[in-house]
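Student: Work the whole structure out from these sequences, hints included.
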Amino acid sequence: MLSIKNLKASIEDGTQILKGINLEVKPGEVHAIMGPNGSGKSTLSKVIAGHPAYTVNDGVVELDGKNLLDMEICERANSGLFISTQYPTEIPGVNNVEFLKMALNSKRNFLGLPEMGDADFKKLCEEKMQLLEMDDRYRDRGVNEGYSGGEKKRNEILQMAILDPKVSFLDETDSGLDIDALRIVANGINHIMSPEKAVILVTHYQRLLDYIKPTYVHVLRHGKIILSGGPELALKLEEQGYDWIEEK
Amino acid sequence: MSYNNTALAQAAQARINALGIPKRNNELWSFFPVNKIPSVVSAESAANGTADSAAAEGCTVECADFGIAAETDIAALLPIAKSAPIMKKDFAAGETEMGLIKSRADFGHSVFKIQKNAKVSLEILDNKVEHEIAAERFDINVEEGAELEIFFANPANELPLQFRHFAIKQAAKSTVHFSNILQDAGIGRISIDVDLNGEGANFDYRSLSVLKGTASKHQRLTIRHNAPNTVSTQFARNLLDEKSYVSYDGSVIVGNGCSQVNSSQLVNSILLGDESSVSVKPVLKIYHDDVECTHGNTCGELDADQMFYLTSRGIPAETAKKMLMKSFAKELFLPLNDGPAKKRLLQVLASL
Ligand SMILES: Nc1ncnc2c1ncn2[C@@H]1O[C@H](COP(=O)(O)OP(=O)(O)OP(=O)(O)O)[C@@H](O)[C@H]1O
Ligand SMILES: [Mg+2]
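Quick note, the sequences are listed as chains G and W, same order.
Just so we're aligned: the first sequence equals residues 1 to 248 in the working numbering.
Just so we're aligned: the second sequence equals residues 1 to 352 in the working numbering.
By construction, these hints were calculated from the structure, which means they are not laboratory data.
Every residue gets a Cβ at the ideal spot worked out from N, C-alpha and C, and that includes glycine.
Some hints could be false.
Unchecked claim - Listed below are the simulated SDA-like cross-link pairs for lysine to any residue, each with C-alpha atoms no more than 25 Å apart in a straight line:
id, chain 1, residue 1, chain 2, residue 2
1, W, Lys322, G, Ser79
2, G, Lys101, W, Lys326
3, G, Lys101, W, Leu346
4, W, Lys321, G, Leu111
5, W, Lys322, G, Arg141
6, W, Lys321, G, Val97
7, W, Lys343, G, Val97
8, W, Lys322, G, Pro92
9, W, Lys321, G, Lys26
10, W, Lys326, G, Tyr147
11, G, Lys166, W, Asp305
12, G, Lys26, G, Asn6
13, G, Lys101, W, Lys321
14, G, Lys101, W, Ser327
15, W, Lys322, G, Met116
16, W, Lys321, G, Thr55
17, G, Lys101, W, Leu324
18, G, Lys8, G, Pro36
19, W, Lys321, G, Asn95
20, W, Lys330, G, Val97
21, W, Lys322, G, Leu111
22, W, Lys321, G, Leu69
23, W, Lys342, G, Glu98
24, G, Lys166, W, Gln306
25, W, Lys326, G, Met102
26, W, Lys322, W, Leu272
Claimed, not checked - Here are the in silico distance ranges between beta carbons for each label pair:
id, chain 1, residue 1, chain 2, residue 2, range
27, W, Asp338, G, Glu133, 30 to 36 Å
28, W, Gly300, G, Lys122, 31 to 37 Å
29, G, Asp118, W, Val34, 50 to 56 Å
Tutor: Shown next as structure tokens:
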């Protein structure tokens, strides 16, 4: 469903950050990407989403056979891609709920569906907020405005729940969450997940993977995936770190 | 009450001619495209003594001579020189009133007194201008404890060249909220002279320019803190597309002996067009120690991370841009008290 082949990308000064990433994600799968700080995990998510800070030098990224790299940022999202950034952006002055509604109706427009009205949206929003045990604070404020680190992460998953994407790329969603919030958010992700969808989780710790069982675990280092394995790989990394892995 | 202004018109025209049409080096007109000022400004007018048209029964406004001899800004003199009919009105003490001022298509002059403890809300509406220049003057005397809200937010209108001059005098504990949204295509200049004459007087200015094409809007403010404990706020935000231009020239003068004065000036601009630009000139003249005066100026593009965030959630770039523009603009007017001005300004914003 998501197919990344030989993806290379650089930043403005020409420095290559992604040096040939290959990843095949099938429906129903959960992929965990781990790796040392600065290895390119966040860059990978942003490049796939179309962040203007990066130039793609080579490679293909396909979602259900369509090349994402040829699409506008919003088109990629509306085609079923969702990325949750490590540090969600604050947008004071744009109300969180209005933003969510605008995002959902943009997708419905794109798919040729009628826009969802206020009443229906309110119901949907309420249901998803309950799932993630979120209170009214999220409703009244600007997007991520003054949210704590954990609140921002929870708001990301609320967006995922409402937009119902095919493939979600969640960058360190577990960081900043307290113990209860981690359980609630992880359960939320499991609830949204289904055999037709897929999730890619970037994480540094096993604790998230205790809740969300990965199908595969990958190690990304120096802009390449240098090792892939099953869930047991995450446990080994937690014990031994990254130094034992030989780079090809 | 009838009033003949022939003598005043002649005096004003003589003063204009003595000052001459502003040149680029005239510091009151630093950023204005002075070559666009038409020759009619200096032409001797047929001052024919228009009678006072709208004098209310029992009006106590004194027209005096509007300070013609000492005036240095020709925009303040022009309506008088061209024998603009004078619209006089007293707003009664202790009453609450709302009013609409129909702006004139050529030359207009309004003289208002906001009497003690009155609460007045005035919206200025534009007429379509067919002449090569329109100039208006407002003399507003705000008495002790009075509150005036004055605002305009006219939808896009073809104005070739428009001057608006305000001379505002505030007594103790009076408040003026002056707000506007500028979005028409022409060249415009607003000049405001404020005298905070009584202790505790407060002047608050909020201006939003949303421009495109070759529109250019110029603001010149001179705020004189002539009494202790006076407050002035100037807050301008600009969203400038294509080749549009805004200039902001704000002077704050704090007189000797005026302690506990607080004044702030902030101009934030977002340049949406490659060829849009903004000029800001803050001037502080402070003749007393115990005062707090700040000024700031920022200029940039729409926040790239915010644009990415919105579009990465499926919102088309054009819509995302609009959302960010509106939120930037809204912040300017949100602190206003709920009332006709805030309602109207936010309404106009929603339709941008
Ligand atoms: N826009 C950018 N400008 C400059 N350098 C960048 C940019 N984006 C990424 N980099 C650099 O690329 C490298 C990879 O960054 P990235 O954020 O992808 O790492 P990461 O694997 O997500 O790390 P972490 O685990 O700390 O989140 C880093 O050295 C980073 O400084
Ligand atoms: Mg990262």
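Student: Holds or violated: Lys322 of chain W with Ser79 of chain G, Cα cutoff 25 Å?
Tutor: 23 Å, holds
Student: Given the hinted pair Lys166 of chain G and Gln306 of chain W, is their alpha-carbon gap at most 25 Å?
Tutor: 24 Å, holds
Student: Compare the distance between the alpha carbons of Lys343 of chain W and Val97 of chain G with 25 Å, and conclude whether the hinted pair is satisfied.
Tutor: With Cα atoms ~22 Å apart, Lys343 of chain W and Val97 of chain G stay inside 25 Å; holds.
Student: For a C-alpha distance cap of 25 Å, please report whether Lys166 of chain G and Asp305 of chain W respect it.
Tutor: Cα-Cα ~24 Å, so holds.
Student: Compare the distance between the alpha carbons of Lys321 of chain W and Lys26 of chain G with 25 Å, and conclude whether the hinted pair is satisfied.
Tutor: Violated, at about 35 Å.
Student: Given the hinted pair Lys101 of chain G and Leu324 of chain W, is their alpha-carbon gap at most 25 Å?
Tutor: 16 Å, holds
Student: Take the C-alpha atoms of Lys322 of chain W and Leu272 of chain W, compute the straight-line distance between them, and say whether it is at most 25 Å.
Tutor: Holds, at roughly 11 Å.
Student: Given the hint that Lys101 of chain G pairs with Leu346 of chain W, does the C-alpha gap stay at or below 25 Å?
Tutor: 21 Å, holds
Student: Measure nothing beyond the straight line between the CA atoms of Lys321 of chain W and Leu69 of chain G; if it is 25 Å or shorter, mark the hint as holding.
Tutor: Status holds; Cα separation ~22 Å.
Student: Hint check: Lys322 of chain W vs Arg141 of chain G, CA-CA at most 25 Å. Holds or violated?
Tutor: Holds: Lys322 of chain W and Arg141 of chain G sit about 19 Å apart, inside 25 Å.
Student: Verify the proposed pairing of Lys26 of chain G with Asn6 of chain G, using a straight-line Cα cut of 25 Å.
Tutor: 18 Å, holds
Student: Does the structure keep Lys322 of chain W and Met116 of chain G at a Cα separation of 25 Å or less?
Tutor: The hint holds at about 21 Å.
Hint 9 from the earlier list is the only one contradicted by this structure; the remaining hints agree with it.
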